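Counting in our numbering, the sequence shown runs from 676 upward without gaps.
None of these hints come from the bench; they were simulated from the model. All values derive from a computational prediction rather than experimental measurement. It is possible that some hints are incorrect.
[As the list claims (entries may be wrong)] Derived pair list, reagent style DSS-like, types lysine-lysine, alpha-carbon separation capped at 25 Å:
id	residue 1	residue 2
1	LYS799	LYS786
2	LYS679	LYS701
3	LYS747	LYS757
4	LYS832	LYS799
5	LYS778	LYS747
[As the list claims (entries may be wrong)] What follows is a list of derived Cβ distance ranges for each label pair:
id	residue 1	residue 2	range
6	GLY780	GLN740	49 to 55 Å
7	GLY772	ASN805	57 to 63 Å
8	LYS781	ASP731	44 to 50 Å
9	ASP731	VAL681	20 to 26 Å
10	GLN761	LYS799	49 to 55 Å
11	GLU822	LYS781	15 to 21 Å
12	VAL681	LYS748	26 to 32 Å
13	ASP717	ILE686	29 to 35 Å
Ideal Cβ placement from N, Cα and C applies to all residues, glycine included.
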Amino acid sequence: MTRKKVNLAYITNDSARKATFKKRKKGLMKKVSELSILCGIDACVILYSPYDSQPDVWPSPLGVQLVVAHFKKMPEIEQSKKMVNQESFLRQRIAKGNEQLKKQGKDNREKEVTQVMFQSLTGKGLQTLNIIDLNDLGWMIDQNLKEINKRIESLNKEAQSLAAAAGQPIIKNGGKVPEKKLAFDTMDAIQGQQWFVDLVNPNEQMGFAGDDMMLPFGDANQNAIWPNGS
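Start from the sequences and build out the full structure, keeping to the hints where you can.
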């Protein structure tokens, strides 16, 4: 059975508020004690309430004095380095949440454009894509081509190394080209095919910002790719 979610709001009922205070105070003291024992740190609690004339302290008045004295000996900059109030704590949480949301939006956009790229290779049209979608698609294709070319270059070097180790002659630039070239040398021919040119360069005029271009990942594009199931 799951616990009921607590509504973080002021408890207006006096008896319920007092009962909650006693229960939470006991839990707070227990947690601080566990933290001090498990991690070997100095900690203390000073808790004022309208229900007691004297503050509740943990572990003892002397223990509290020792921790406070140690804190006051620290430079002021060190004292406030990790000190937060409710407002600053919430600001930090909001900023962290916004960063996580932005990162997730970029990841979702990249996956969306990748799906469009693979679907377009199966014959699905690009007529419903807007200029931002097409720019993102062109960027994605360009990045994949770079990875493919890197892999081709790596495999060619590996093949040449194997051929040299086996004692076979390696034909360099200017020499006679073998009748059967390595399969990795066919990339230029693939890129030259008209369907590939049409895919990378659609009829609409698009500008690419070069290698440093970053996908907006939905920041400026609120429309889904291929809407209405087209």
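_Hint consistency between LYS679 and LYS701 [alpha-carbon to alpha-carbon, up to 25 Å]_ = holds, 20 Å
*Look at the Cβ atoms of VAL681 and LYS748 and judge whether their distance stays inside 26 to 32 Å.*
violated, 38 Å
*Between ASP717 and ILE686, is the Cβ distance one that fits in 29 to 35 Å?*
Since the Cβ atoms of ASP717 and ILE686 sit about 33 Å apart, the hinted range of 29 to 35 Å holds.
_Assessment of proposed distance window 44 to 50 Å (beta carbons of LYS781, ASP731)_ = holds, 48 Å
*Holds or violated: LYS747 with LYS757, Cα cutoff 25 Å?*
Roughly 15 Å separates the two Cα atoms, so the pair holds.
*Holds or violated: 57 to 63 Å for the Cβ distance of GLY772 and ASN805?*
violated, 29 Å
*Regarding GLN761 and LYS799, is the given constraint of 49 to 55 Å on their beta-carbon distance met?*
holds, 52 Å
*Please work out if LYS799 and LYS786 have their alpha carbons no farther apart than 25 Å.*
holds, 17 Å
*Take a look at whether the Cβ-Cβ distance between GLU822 and LYS781 falls inside 15 to 21 Å.*
Taking Cβ atoms as reference, GLU822 and LYS781 lie about 18 Å apart, which means the hint holds.
*Confirm or reject the claim that ASP731 and VAL681 have a C-beta distance inside 20 to 26 Å.*
At roughly 22 Å between Cβ atoms, VAL681 and ASP731 fall inside 20 to 26 Å, so the hint holds.
*Between LYS778 and LYS747, does the CA-CA distance stay at or below 25 Å?*
At roughly 41 Å apart (the allowed maximum being 25 Å), LYS747 and LYS778 break the hint.
_Hinted pair, alpha-carbon criterion (25 Å max): LYS832, LYS799. Please report holds or violated._
violated, 36 Å
When held up to the earlier numbered hints, the structure conflicts with 4, 5, 7 and 12 and fits the remainder.
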